[in-house]
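Trainee: Using the sequences and the hints, build the whole thing.
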Amino acid sequence: MRVAAIALNTFREAVRDRILYSILAFALLLIGASVILAGLSIGQESRIVKDLGLASTSLFGTFIAIFLGIGLVFKEIDRRTIYAIIAKPIHRYQFILGKYVGLVLTLAVTVGVMALLVFLLAWLVDGRPAPGLLAAAGLDFVALMIVTAVALLFSTFSTPTLSAMLTLATYVIGRLSGDLVLFAEQVPSPGVRAVIRGIYLILPDLGRFQIGSRVLHDLPLLPANMLATSAYGLSYILLLLLLAVSVFQRRDFK
Amino acid sequence: MEPVIEIDELCKDFRVGFWRRRTRVLQSLTLTVQRGEVFGYLGPNGAGKTTTLKLLTGLILPTAGTARLLGRDLTYVGAREHIGFLPEQPYFYDYLTGREFLDLCGRLFGLRAPARRERTTRLLHEVELEAAADRQLRKYSKGMLQRLGLAQALINDPSLVILDEPMSGLDPLGRRTMRDAILRLKAEGKTVFFSTHILPDVEAVCDRVAILVGGRIRDVGRLEDILKTRTEAIDLALQDVNPDLAASLEALAGSPVSRQTDRVLVRLLDEDALDRAIRASLAAGARVVSVTPQHQTLEEHFLREVREADR
Numbered sequence: 028m029r030v031a032a033i034a035l036n037t038f039r040e041a042v043r044d045r046i047l048y049s050i051l052a053f054a055l056l057l058i059g060a061s062v063i064l065a066g067l068s069i070g071q072e073s074r075i076v077k078d079l080g081l082a083s084t085s086l087f088g089t090f091i092a093i094f095l096g097i098g099l100v101f102k103e104i105d106r107r108t109i110y111a112i113i114a115k116p117i118h119r120y121q122f123i124l125g126k127y128v129g130l131v132l133t134l135a136v137t138v139g140v141m142a143l144l145v146f147l148l149a150w151l152v153d154g155r156p157a158p159g160l161l162a163a164a165g166l167d168f169v170a171l172m173i174v175t176a177v178a179l180l181f182s183t184f185s186t187p188t189l190s191a192m193l194t195l196a197t198y199v200i201g202r203l204s205g206d207l208v209l210f211a212e213q214v215p216s217p218g219v220r221a222v223i224r225g226i227y228l229i230l231p232d233l234g235r236f237q238i239g240s241r242v243l244h245d246l247p248l249l250p251a252n253m254l255a256t257s258a259y260g261l262s263y264i265l266l267l268l269l270l271a272v273s274v275f276q277r278r279d280f281k
Numbered sequence: 570m571e572p573v574i575e576i577d578e579l580c581k582d583f584r585v586g587f588w589r590r591r592t593r594v595l596q597s598l599t600l601t602v603q604r605g606e607v608f609g610y611l612g613p614n615g616a617g618k619t620t621t622l623k624l625l626t627g628l629i630l631p632t633a634g635t636a637r638l639l640g641r642d643l644t645y646v647g648a649r650e651h652i653g654f655l656p657e658q659p660y661f662y663d664y665l666t667g668r669e670f671l672d673l674c675g676r677l678f679g680l681r682a683p684a685r686r687e688r689t690t691r692l693l694h695e696v697e698l699e700a701a702a703d704r705q706l707r708k709y710s711k712g713m714l715q716r717l718g719l720a721q722a723l724i725n726d727p728s729l730v731i732l733d734e735p736m737s738g739l740d741p742l743g744r745r746t747m748r749d750a751i752l753r754l755k756a757e758g759k760t761v762f763f764s765t766h767i768l769p770d771v772e773a774v775c776d777r778v779a780i781l782v783g784g785r786i787r788d789v790g791r792l793e794d795i796l797k798t799r800t801e802a803i804d805l806a807l808q809d810v811n812p813d814l815a816a817s818l819e820a821l822a823g824s825p826v827s828r829q830t831d832r833v834l835v836r837l838l839d840e841d842a843l844d845r846a847i848r849a850s851l852a853a854g855a856r857v858v859s860v861t862p863q864h865q866t867l868e869e870h871f872l873r874e875v876r877e878a879d880r
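So the protein sequences, as listed, match chains G and A.
Numbering (this note's numbering) for the first sequence: 28 to 281.
Numbering (this note's numbering) for the second sequence: 570 to 880.
None of these hints come from the bench; they were simulated from the model.
Just so you know, even glycine gets a beta-carbon here, dropped at the ideal spot from N, CA and C.
Treat the hints loosely; a few may be bogus.
[Unchecked claim] Only some residues are given here: those of chain G computed to face chain A with a beta carbon under 10 Å: (1) GLY66; (2) LYS115; (3) ARG119.
[As the list claims (entries may be wrong)] Cβ-Cβ distance ranges computed for the label pairs, FRET-style: (4) A/GLY738 to G/LEU86: 43 to 49 Å; (5) A/VAL585 to G/LEU143: 34 to 40 Å; (6) A/ARG686 to G/LYS281: 34 to 40 Å; (7) A/ASP726 to G/LEU248: 51 to 57 Å; (8) G/LYS281 to A/ARG876: 26 to 32 Å; (9) G/VAL42 to A/ARG704: 17 to 23 Å.
Mentor: Rendered as structure tokens:
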């Protein structure tokens with residue numbers, strides 16, 4: 028009940044913020060424009076719509092996760108709105124969990140709208156539905172949930188600017204972590220290799236959540252793999268939330 | 570008597586500056602507030618009033634010591650079920666309407682929808698915000714926010730209400746409303762613990778006060794007891810005073826006497842001088858009309874405590 032109250036309030040804050048609509052409008056415009064771009068290519072229409080659509084959904088989803096996530100807790104402390112909340116019979120972990128669920132809910136709605144548009148446009152261009160698109164967007168959503176948890180963790184102890192930089196760095200490295208392993212194998216120095224491997228092990232492997240290329244090439248989606256990846260993502264989120272709670276638990280709201 | 574707030578040797582350190590040096594802002598605070606009391610927590614800016622209130626409401630964590638609220642340890646979140654808190658200069662979610670904000674607060678207390686609706690409607694009426702109930706808080710004035718702050722502090726029908734500087738920044742009308750609200754809470758049998766530096770309000774509503782200076786309690790007790798402990802002067806009113814007596818009284822008082830129609834008023838600084846003045850007056854055939862001790866005001870007492878602490 029208390030977690031739901033905080034979550035609902037966080038969701039309400041997001042949907043009453045113009046920034047969300049600006050990002051969403053821009054994303055929908057870009058996804059819509061993919062149809063025009065597709066018209067310029069010969070024989071690749073469906074591929075361009077799907078490719079550009081999934082990429083836009085992922086990119087703008089990440090924007091929302093980062094830009095709203097970095098302010099989740101910081102803004103509450105900075106604007107002192109937290110005083111009236113924490114003084115009520117609510118555990119601090121419930122507050123953190125509520126903020127997180129609220130933003131994930133916001134993301135679910137916005138990413139859902141974007142993914143649905145991509146799905147419908149691809150259907151229109153292709154003449155047949157491609158449910159794989161929704162599966163790809165769904166798995167990518169788990170990656171967005173990780174990014175949100177990273178932003179939330181940073182938000183519990185640092186300023187939005189620093190949080191944005193750190194979350195963005197985590198996102199970029201996380202997306203490239205597959206390449207990171209390949210790169211590590213090329214490095215002659217064992218010390219540097221160990222550091223790169225360490226980074227790979229600590230940061231989330233966000234590349235695993237990208238299965239768009241399988242959808243584009245009509246390859247089977249391997250549900251067992253998707254399930255394992257989702258489980259990996261959820262465990263990672265749990266760890267991040269535990270960390271965020273342990274930082275937040277000790278904070279003084281001066 | 571049943572204690573509602575029991576603070577025992579509570580200390581709080583903050584780390585300040587670049588080197589994160591430890592500074593003690595609350596020093597071994599011990600204080601008890603009884604059920605049904607209106608308790609004023611006084612102190613100049615920076616004395617540690619807000620720090621104490623934040624400790625009591627779980628916003629900051631104590632460095633040492635303990636406190637019990639309504640018989641439950643401070644660290645127990647459930648202890649806040651029956652506590653209402655109005656933070657200093659209330660900052661609330663400006664994208665919510667007054668009604669939505671109260672509903673959110675009700676949810677945080679675990680109130681069910683019908684109870685929330687009923688309490689919200691009643692409190693909005695009580696703090697005279699019915700007309701603005703569905704307006705976003707960003708459009709509220711400071712006085713309106715303060716009133717909404719009071720309403721959210723009462724959403725759970727608390728038995729202990731903690732208010733941080735409830736009168737600061739309000740116009741005379743707003744202060745009056747807040748004062749009346751405190752008296753109403755007292756009449757309902759609730760305990761009110763509030764910090765302030767606006768002294769006339771304290772004299773109007775408090776049963777007991779504590780004076781906090783530099784993180785330490787300097788004085789605590791009933792207002793009249795605190796103020797009685799120091800008598801500033803004694804006014805002696807006499808009739809039938811001849812000029813010789815007037816001259817010797819002026820010598821005793823160290824200041825001129827004042828004449829009011831048939832009376833003479835002498836202000837004496839201590840009881841010894843009073844004794845001698847009365848004896849001399851009776852010997853000279855004058856009549857003693859009244860002897861009135863002049864107590865210090867709360868403001869004088871407060872300033873003296875602050876000055877003594879500074880020394």
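Trainee: Please go over all the hints and tell whether each is borne out by the structure.
Mentor: Going down the list of hints, with the structure as the test:
no., hint, result
1, GLY66, "41 Å, violated"
2, LYS115, "4 Å, holds"
3, ARG119, "9 Å, holds"
4, A/GLY738 to G/LEU86: 43 to 49 Å, "46 Å, holds"
5, A/VAL585 to G/LEU143: 34 to 40 Å, "53 Å, violated"
6, A/ARG686 to G/LYS281: 34 to 40 Å, "36 Å, holds"
7, A/ASP726 to G/LEU248: 51 to 57 Å, "55 Å, holds"
8, G/LYS281 to A/ARG876: 26 to 32 Å, "28 Å, holds"
9, G/VAL42 to A/ARG704: 17 to 23 Å, "18 Å, holds"
Violated hints, in rising order: 1, 5; the structure is consistent with all others.
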